[in-house]
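Go ahead and model the full structure; you've got the sequences and the hints to work with.
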Amino acid sequence: MLEYLRIQDLALIEDLELEFGPGINVLSGETGAGKSFILKALGFLTGDRLEVDLVRPGKEKATAEAVFILPDGAELILRRELTAENGRSRLFINDRISSQEGVRELRPSLLLHTSQHGQQKLLQPAYQGKLLDDFMNRPDLLEKRDDSLKKLSVLAQRRAELEVRWRALEEKRDLLEYQRQEIDKVTPLPDEENELEARRQELRQADQADEAVLQALAALHGEDSGQGLMEALGSLERAVKQLARADESFAGDLEGLAGIYPVLEDLSSRLRRGAGRKNAKFDVEAIEERLFAISQLKRKLRRSLPEILALRDELEENLAFLDSCALDLKQLGREESSLCAELAALLAVLNPARREAARGLKELLEGELRGLGFSEQVQVDFVFAARPLHPGRPGCPICEEEKAQIFWRPNPGQQAQPLDKIASGGELSRFLLALVSILARRSPEAPTLIFDEVDAGVGGITLNKLGDKLRELGRERQMLLITHWPSLAAGAGRHFLVRKEVLDGDTFTRCRRLEGGEVSEEIARMAGGGAQGRVLAKELLAFSPS
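For the sequence shown, this note's numbering assigns the number 305 to the initial residue and increments by one for each residue that follows.
All the given hints hold, so there is nothing to weed out.
Calculated lysine-lysine pairs in the DSS-like style (CA-CA distance at most 25 Å, straight line):
#1 K769 x K666
#2 K842 x K769
#3 K725 x K434
#4 K634 x K476
#5 K773 x K434
#6 K476 x K489
#7 K455 x K707
#8 K604 x K476
#9 K602 x K489
#10 K434 x K707
#11 K425 x K725
#12 K455 x K634
#13 K454 x K634
#14 K476 x K602
#15 K707 x K425
#16 K725 x K707
#17 K707 x K448
#18 K425 x K666
#19 K425 x K773
#20 K489 x K604
#21 K769 x K425
#22 K707 x K666
#23 K773 x K842
#24 K454 x K707
#25 K666 x K434
#26 K725 x K666
#27 K448 x K434
#28 K455 x K434
#29 K363 x K804
#30 K666 x K773
#31 K434 x K454
#32 K804 x K365
Derived DEER-like restraints, expressed as beta-carbon distance ranges:
#33 A689 x G336: 41 to 49 Å
#34 A464 x D685: 35 to 43 Å
#35 R394 x L636: 40 to 48 Å
#36 P494 x I401: 47 to 55 Å
Hints listed in this document are in silico derivations from the structure and should not be mistaken for laboratory results. Cβ coordinates follow ideal geometry from the N, Cα and C atoms, glycine included.
As structure tokens, this is what we get:
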């Protein structure tokens, strides 16, 4: 039961507090007074979106709070805020932040909302099917069906992706294999090109060093029969030695020449040790050939070496995929067949369960409609049509789900037709009320019923019967009833007046509970006002069961 509702800074509502009671709680007021804002706040609290422009101008946020009393007597407190700056909302359940999904799961146990919009939904075959499923009350079957369909959808998507990729690669298989062969001929390694360039430079430098050694040795020892530097130095030393004997002034020169000779001998020895190194010419030629092969591969594939290495991995992956794809598709086919068999077995239970539920709901609906002023011969039928749930594939059982559409014959002599073909607005109002009455009695959560002008298009004796049905429901469940009919408002346990007020150039929606004579005055206004309105209000309140 909805016990308390507070709304702040929502549209025309500045600050509004309402305390509801059991039974029928009526909201009345002129058209456009703001009754819909109260319902929007309740919808917002239970998971609906709210546009940011509904935050009252000049305010930082709009807030809605509600206290529900659960069947076990526990309190459930909901609070939700909508920020004007960014349009974001925050939801709190018992003062703990929560998600919209969390409160949407609670919603069926809190509120059951019918309106003129609900009448239009009633015309949709999909909504009619959902109503039957709600009445069937086998959520286990529906959950298993949805789970099977989800798994089949995942498999179908996977299969489609594999087939699309397989077709695209199969068309290029020859090119892929050619590219792989060309790469395999060279089998380049990561960073090989740079390493070869560096090695080639090293070998070139080594070759140049060998040439310098030979030139130095030739300078020291001469080439062929020519005289080298050391032989010349020996001849020079002997000559200076003869001079020093004759002239002592050459003694110092002789000592200097004697010191040079060991240096040259050491140099010669070291040069000879290096002269025997292997010529690097052959290694350079091998490197040149390897670099040329890599260059040719780059030219053929029009890619850099890193791109070729990446291409090689991609080619291996794609060609491996082409080789294994057929096996993968067969495995997916086996999984799909198994899931289809499970789904077919499930539908073999679900489809008869729906038909059985349809027979029970048909009888209850016809009884409710007779009590709402329809002919004693009113007839309701659920016409089933099979629709495939999964595209048929070889090896998969046929999976057809039977979905129901409501046909009816409100008057004798007519042919039963779909509800959306022949139902008037008033008939839809009563039909929806009949459905809600049945579903509300079957619901273990006892949600608060919200009727938003369910009396639209109804009048006369039929309106009286509709009022009787609402009062009957009100004895079992809490109800919020928005109405413009005084005869319906007179049956309320609590009556709230919604009105619009302009103050200092600003517009406000106000709502307050009427007490004592105020109720009679409001019902008189709803009845047309004046002396006749007051007389009618007095009569309605006198005979009202409340």
